[in-house]
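Required output: the full structure, derived from the provided sequences and hints.
Line by line, the protein sequences give chains Y and U.
With this note's numbering as the guide, the letters of the first sequence map in order to residues 309 to 522.
With this note's numbering as the guide, the letters of the second sequence map in order to residues 309 to 522.
Be aware that a few hints might be false.
Identical copies look the same in the list; a pair holds intra-copy or inter-copy alike.
[What the hints assert, rightly or not] With a Cα cut of at most 25 Å, we get these calculated PhoX-like pairs of lysine-lysine:
{"no.": "1", "residue 1": "LYS349", "residue 2": "LYS407"}
{"no.": "2", "residue 1": "LYS347", "residue 2": "LYS407"}
{"no.": "3", "residue 1": "LYS407", "residue 2": "LYS489"}
{"no.": "4", "residue 1": "LYS384", "residue 2": "LYS487"}
{"no.": "5", "residue 1": "LYS384", "residue 2": "LYS347"}
{"no.": "6", "residue 1": "LYS455", "residue 2": "LYS482"}
{"no.": "7", "residue 1": "LYS487", "residue 2": "LYS347"}
{"no.": "8", "residue 1": "LYS384", "residue 2": "LYS455"}
These are computed hints drawn from the structure, not numbers from a lab.
For clarity, every value in this text was computed on a predicted model and none was experimentally measured.
Protein chains: 2
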Amino acid sequence: MATMMVTMFTHLLVISIISLVLYWLINFREGFALTSPVKMKIFNLHPLLMVLGFIIFSGEAMIIYKAIPARRQALKVMHLILHLIALGSGIFGVYTVFKFHNELNIPHMYTLHSWIGLSTISLFGLQWLLGFATFLFPGAESTTRAKIAPWHIFFGVVIFLMAIVTAETGLTEKFIFLKLKLGQEALVVNFIGILILLYGIFVGLTVALPLRRK
Amino acid sequence: MATMMVTMFTHLLVISIISLVLYWLINFREGFALTSPVKMKIFNLHPLLMVLGFIIFSGEAMIIYKAIPARRQALKVMHLILHLIALGSGIFGVYTVFKFHNELNIPHMYTLHSWIGLSTISLFGLQWLLGFATFLFPGAESTTRAKIAPWHIFFGVVIFLMAIVTAETGLTEKFIFLKLKLGQEALVVNFIGILILLYGIFVGLTVALPLRRK
Numbered sequence: 309m310a311t312m313m314v315t316m317f318t319h320l321l322v323i324s325i326i327s328l329v330l331y332w333l334i335n336f337r338e339g340f341a342l343t344s345p346v347k348m349k350i351f352n353l354h355p356l357l358m359v360l361g362f363i364i365f366s367g368e369a370m371i372i373y374k375a376i377p378a379r380r381q382a383l384k385v386m387h388l389i390l391h392l393i394a395l396g397s398g399i400f401g402v403y404t405v406f407k408f409h410n411e412l413n414i415p416h417m418y419t420l421h422s423w424i425g426l427s428t429i430s431l432f433g434l435q436w437l438l439g440f441a442t443f444l445f446p447g448a449e450s451t452t453r454a455k456i457a458p459w460h461i462f463f464g465v466v467i468f469l470m471a472i473v474t475a476e477t478g479l480t481e482k483f484i485f486l487k488l489k490l491g492q493e494a495l496v497v498n499f500i501g502i503l504i505l506l507y508g509i510f511v512g513l514t515v516a517l518p519l520r521r522k
Numbered sequence: 309m310a311t312m313m314v315t316m317f318t319h320l321l322v323i324s325i326i327s328l329v330l331y332w333l334i335n336f337r338e339g340f341a342l343t344s345p346v347k348m349k350i351f352n353l354h355p356l357l358m359v360l361g362f363i364i365f366s367g368e369a370m371i372i373y374k375a376i377p378a379r380r381q382a383l384k385v386m387h388l389i390l391h392l393i394a395l396g397s398g399i400f401g402v403y404t405v406f407k408f409h410n411e412l413n414i415p416h417m418y419t420l421h422s423w424i425g426l427s428t429i430s431l432f433g434l435q436w437l438l439g440f441a442t443f444l445f446p447g448a449e450s451t452t453r454a455k456i457a458p459w460h461i462f463f464g465v466v467i468f469l470m471a472i473v474t475a476e477t478g479l480t481e482k483f484i485f486l487k488l489k490l491g492q493e494a495l496v497v498n499f500i501g502i503l504i505l506l507y508g509i510f511v512g513l514t515v516a517l518p519l520r521r522k
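So this is what it looks like as structure tokens:
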């Protein structure tokens with residue numbers, strides 16, 4: 309019951325984040341395009357794909373074990389697929405910001421945001437491969453799996469929280485590059501940051517809550 | 309043994325963070341002062357107190373149960389005192405940045421950094437009071453304490469990680485305000501950010517590792 313309340317609130321956070329990010333990027337910013345003379349449209353794909361793709365999907369993948377009362381094997385496959393969508397979206401999201409930098413001759417990888425972000429997505433890919441090999445195909449022996457599972461969960465949470473940190477530093481960068489102060493858009497950007505932080509906390513809480521075994 | 313290795317590495321991180329923050333603020337920045345015509349000296353107290361005081365001391369307070377083989381009651385008192393030093397340092401650190409803003413007529417509380425930061429220190433104070441009342445004086449019954457303990461630990465970790473997020477956004481703000489790109493100081497600031505992130509991860513890992521009971 310408590311677990312259900314927590315996962316339901318987490319899904320409400322997801323809806324709020326999606327709405328507010330779209331509202332921000334379409335209403336206050338320039339919208340989206342992969343090729344455009346308005347280079348900011350290319351940039352805007354970056355927060356869109358990283359937040360609505362990478363962060364939301366990987367969080368959903370993590371809470372699925374508590375949110376959906378399905379068979380273990382089915383949950384594993386969903387966990388894997390959601391993480392794969394997250395990874396694909398994350399890689400595409402990194403590509404868009406590199407494309408944006410290239411077209412405006414902005415140097416790459418000089419901020420803390422980029423350092424933590426690239427570490428996150430690399431570790432995420434590694435964790436996905438290790439998880440796939442250990443828990444699905446070819447799959448380790450059941451005793452080994454049981455031994456590795458807590459580490460898989462711990463490092464999974466660490467990588468997810470690194471993604472949250474990356475998002476917060478990214479929003480902070482954008483906020484200051486835009487020279488926002490006390491206005492409408494500043495509030496929207498900051499509330500996106502607060503909602504993403506809450507999402508991180510609630511995904512962590514969901515993972516920490518005890519599992520209902522089928 | 310594994311726990312000892314982890315806490316030792318965590319302490320090495322502490323030494324690196326202290327060294328690098330001092331090197332940054334003294335060598336690249338203006339140094340420190342509470343009253344000065346060089347207002348940046350007042351500002352510099354803020355990262356000093358928040359990182360070397362608030363974050364380092366609260367992390368140390370959290371890992372003490374795994375790092376020091378002392379009696380439970382002694383550990384509790386040390387945990388409480390280290391957190392009190394962290395809180396005092398954190399409140400003083402917030403004061404210095406408000407003082408800096410006031411003297412230069414910069415508006416308060418408009419960034420995500422300030423929002424998350426003030427939430428963190430408020431929750432930290434609340435958690436300290438609740439912990440004190442529950443576990444030390446007057447202290448709840450032992451069954452209640454056992455029930456509250458995992459929540460105390462969970463929210464403690466959440467608040468600590470919020471402090472890490474605040475530090476990363478703070479460093480990001482400063483980095484962009486200073487218009488750093490690919491130079492010496494940029495590297496120093498980013499490495500401080502990476503070390504603080506690692507400290508957060510290793511404190512979390514120490515908390516997650518099993519407790520050696522005396």
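We went through each hint and held it up to the structure:
no. : hint             : in the structure
1   : LYS349 to LYS407 : within (11 Å within a copy, 39 Å between copies)
2   : LYS347 to LYS407 : within (9 Å within a copy, 40 Å between copies)
3   : LYS407 to LYS489 : between (29 Å within a copy, 19 Å between copies)
4   : LYS384 to LYS487 : neither (44 Å within a copy, 46 Å between copies)
5   : LYS384 to LYS347 : neither (40 Å within a copy, 56 Å between copies)
6   : LYS455 to LYS482 : neither (42 Å within a copy, 43 Å between copies)
7   : LYS487 to LYS347 : both (18 Å within a copy, 21 Å between copies)
8   : LYS384 to LYS455 : within (17 Å within a copy, 31 Å between copies)
Taken one by one, the earlier hints fail for this structure at numbers 4, 5 and 6, listed in ascending order.
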